[in-house]
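**Student:** Residue numbers (the working numbering), protein chains in the order written: chain A, 1 to 683; chain B, 1 to 99.
These are calculated hints, taken from the structure and not from any lab test. In this text, all values refer to a predicted model and were calculated from it rather than measured experimentally.
Label pairs and their calculated CB-CB ranges:
hint : chain 1 : residue 1 : chain 2 : residue 2 : range
1    : A       : Arg683    : B       : Tyr83     : 44 to 50 Å
2    : B       : Leu7      : A       : Leu682    : 21 to 27 Å
3    : B       : Glu71     : A       : Val645    : 37 to 43 Å
4    : B       : Tyr83     : A       : Leu28     : 57 to 63 Å
5    : B       : Glu71     : A       : Leu682    : 29 to 35 Å
6    : B       : Val74     : A       : Leu682    : 34 to 40 Å
Far from chain B, by Cβ distances over 10 Å, these chain A residues were calculated:
hint : residue
7    : Ala24
8    : Arg56
9    : Ala85
10   : Glu227
11   : Phe228
12   : Tyr597
13   : Arg598
14   : Asp601
Listing some non-contacts, in silico: residues in chain A with all C-beta distances to chain B over 12 Å:
hint : residue
15   : Gly3
16   : Pro192
17   : Ser225
18   : Ala493
19   : Ala543
20   : Ala642
21   : Val674
22   : Val678
All C-beta atoms in this analysis are idealised placements derived from N, C-alpha and C, irrespective of residue type, glycine included.
In case you want the letters, here they are:
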Amino acid sequence: MGGLLVAIPLTPLAVCAVLLVGGAYLRLTGAPGARGVAADVGTEIGPGAGTIGDPRAAALRVAAGWLSVAGVLAALVVGVVALLAFRGGAEVALSTTWFRVGYLEVPFSLRLDGLQGLMVIVVGGVSVLVHLFSVGYMHGDRDVVLYFAELSLFSAAMLLLVLADDFYVLYLAWELVGVSSYLLISHYFERPQAAAAGKKAFLTTRIGDVGLLLGIFALVWLTDSLEFHTVFAWASGPGLPGAWRVAVPLLIFMGAMGKSAQLPLHVWLPDAMEGPTPVSALIHAATMVAAGVYLVARTYPIFAAAPEALTVVGWIGALTALMAATVGLTQRDIKKVLAYSTISQLGFMVTALGAGVPAAAVFHLFTHAWFKALLFLGAGSVIHAAGRQVVDELGGLGRRMPITALTFAAGALSLAGIPPFAGFWSKEEILGALAGGHPAFLAMLLAASFFTAFYVSRLFFVVFLGPEVETAAETETEAPVRESRAVMWLPLAVLASATAAVGLWGAGFLGYPLQESLGLEEGGTSVGGPVWVTVVAVALGLAGISLAWLAYARHPARVSAAGEDAAGSAPAGAPARVGPGRPAFDARLEDSLGWTYRLVDNGYYLDALFGRCLVAPFVGVAGFLARAIDANLIDGIVNGIAWLVTGAAGGVRRLQSGQVRDYVAAVAAGVFVVAALVIEALR
Amino acid sequence: MTPVLILSGILFAIGVFGVLTRRNAITMLVAVEIMMNAANLNMVAFSRLYHPELMTGQVLAVFGIGVAASEAAVGLALILTIYRRYGSTDVDRVDLLKG
Chain A
1 MGGLLVAIPL
11 TPLAVCAVLL
21 VGGAYLRLTG
31 APGARGVAAD
41 VGTEIGPGAG
51 TIGDPRAAAL
61 RVAAGWLSVA
71 GVLAALVVGV
81 VALLAFRGGA
91 EVALSTTWFR
101 VGYLEVPFSL
111 RLDGLQGLMV
121 IVVGGVSVLV
131 HLFSVGYMHG
141 DRDVVLYFAE
151 LSLFSAAMLL
161 LVLADDFYVL
171 YLAWELVGVS
181 SYLLISHYFE
191 RPQAAAAGKK
201 AFLTTRIGDV
211 GLLLGIFALV
221 WLTDSLEFHT
231 VFAWASGPGL
241 PGAWRVAVPL
251 LIFMGAMGKS
261 AQLPLHVWLP
271 DAMEGPTPVS
281 ALIHAATMVA
291 AGVYLVARTY
301 PIFAAAPEAL
311 TVVGWIGALT
321 ALMAATVGLT
331 QRDIKKVLAY
341 STISQLGFMV
351 TALGAGVPAA
361 AVFHLFTHAW
371 FKALLFLGAG
381 SVIHAAGRQV
391 VDELGGLGRR
401 MPITALTFAA
411 GALSLAGIPP
421 FAGFWSKEEI
431 LGALAGGHPA
441 FLAMLLAASF
451 FTAFYVSRLF
461 FVVFLGPEVE
471 TAAETETEAP
481 VRESRAVMWL
491 PLAVLASATA
501 AVGLWGAGFL
511 GYPLQESLGL
521 EEGGTSVGGP
531 VWVTVVAVAL
541 GLAGISLAWL
551 AYARHPARVS
561 AAGEDAAGSA
571 PAGAPARVGP
581 GRPAFDARLE
591 DSLGWTYRLV
601 DNGYYLDALF
611 GRCLVAPFVG
621 VAGFLARAID
631 ANLIDGIVNG
641 IAWLVTGAAG
651 GVRRLQSGQV
661 RDYVAAVAAG
671 VFVVAALVIE
681 ALR
Chain B
1 MTPVLILSGI
11 LFAIGVFGVL
21 TRRNAITMLV
31 AVEIMMNAAN
41 LNMVAFSRLY
51 HPELMTGQVL
61 AVFGIGVAAS
71 EAAVGLALIL
81 TIYRRYGSTD
91 VDRVDLLKG
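When you get a sec, could you build the whole thing from the sequences and use the hints?
**Tutor:** Next up, the structure:
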């Protein structure tokens, strides 16, 4: 049974390899379409403009998307089969030796039980839908084959990560996730912002990765083994060396902070929006950011042994949740709002981890994956149709894109924590657990819930309700914005149904079936919070929605850049249309709050702070080293040695006159000297 | 015995002097031949002195004359090539190996 587990990450990986090899082969054999000309546009780009693309390349471009959908779907099916076998009582695990170097034996262990099974379903399920959505969204993209290869690699890496049963495989998959996220975020690598965003994501998460790596080193040193069960036995056993008990979980948590975008390593995530929108959905729902929370939940016995570490984890999570929720209030880019929303929701999960209820955190991770993927894909649908992603230039799309609007509403209600949507059940689970002994966390998360409801409602009201705003796509093509193709709205519908239903799996009145199925030893049992927490949370959610309705839906006026009410150019009789402009309430809020608004709008200037305090000095020192030390000192030593050799050789060189007689004279002189010495010696 | 060795020394000195002072490659070759004959004369002389019953020195001298002949052939071939390349046999002009 365990051998099946290898197939789960291997199927998408094989698809990735096939696509890369196929694309490279077609490029080498001179087919411009493999990377250059889009087959169906024909004349778009490339030196062969005006010619029709190679038919093989066109076929590969079409096949790439469906092939990668099939790859992830196969992985999901195998995962479900393995999960059913596990439910049937079998031990689904694989343990073998990867390689051996001297006394070091590196194991390769995979395991699937409750927690991993859940993650395989989340990762596989969301991946299938995102791949499917991408078939529509990336249609006609220049690098579509490369895109699907990268997306398959990403899914494969994440599936390997959740199945890992020792730290070697875990770290391998961890880095694979990092590198494939880098590739995907900077998919539009010709745009400088996209290239910079990819680098930023990679380097920021790398800071966390170093912590994780140090934690793994410490574990090797302390326990001589990196298999999870050995490490956990060590962690819960007696006689721990004092400082390591706290240091190891904190180092591991550093890795989680990077990948799961917790303060202060969250700065990469809003920038990661430069990638294609389906990638944002995958990164922010099921894969990249889930990795950190999953890591902590998976290694929870190490954390449970160190309450001090858990306190740190909880505070970081709560601060992140509150900070990101406030920043989400002011963002003007749809994807930025959703990005800060992701950071905030990850903060909820991390707070739950810190409060000792990993089951609740995993439950929230599970529900969040569905509704956040839904929100992102909905945003992708809007962006694809309207060609703009700033709320100023979007409005009243509900009538044009009813499916997108309805499914987005389901996601928004779930994010706001309104029953019976999925987000409600998991958020209640976290808040209820906090009510028993963590009042500070509870207060911060309740505030964050209120802000969450407000900003997501703002987004919905501004984009989908109110008067229509003339969009760029319309002004350029004269074609009205229309609902997306079935390949794009179908994933939305599936995700919306999931968002409505999956919450029940972990619902309290059904006896917490999901939490029970995780089989966590520590904090795996759910107790359910007091009723007043639920009432307060839902009331705050409704209050946020109502206030947003008052602020944005009742007065949907727009303020143009000049500060006047934006007027539309619609002919009389047509539905009211307005020109692009900021929602009026935003402008009024900025006027009345002044610098506070700008502080929040710029993410508390953390980006600028890190840029000034960390990046700029680093670049300065590096520049100094490059110019002063490398160019002068190091190069000086090297050039100096060369100069010495040249000089010495120049002196000796004169002896070689090239004149035969000089050589003969030297020989003769030598002979006379030797002869004189011999004669002297013989006498 | 001594007069023979003195003659041989004079011949060798003439050869060295010729090689060192002449610029013409052919003259230098002639001077080298003179040095070789000084050596041949020495071999015959010392052979007469120490082993009069053996003919070793004489045989070696004849062998040396043969070697000198082939050396002259190789040397002349070189000189011919040099002449074709430079248009003269002046060795001062042949300084390609100058450092």
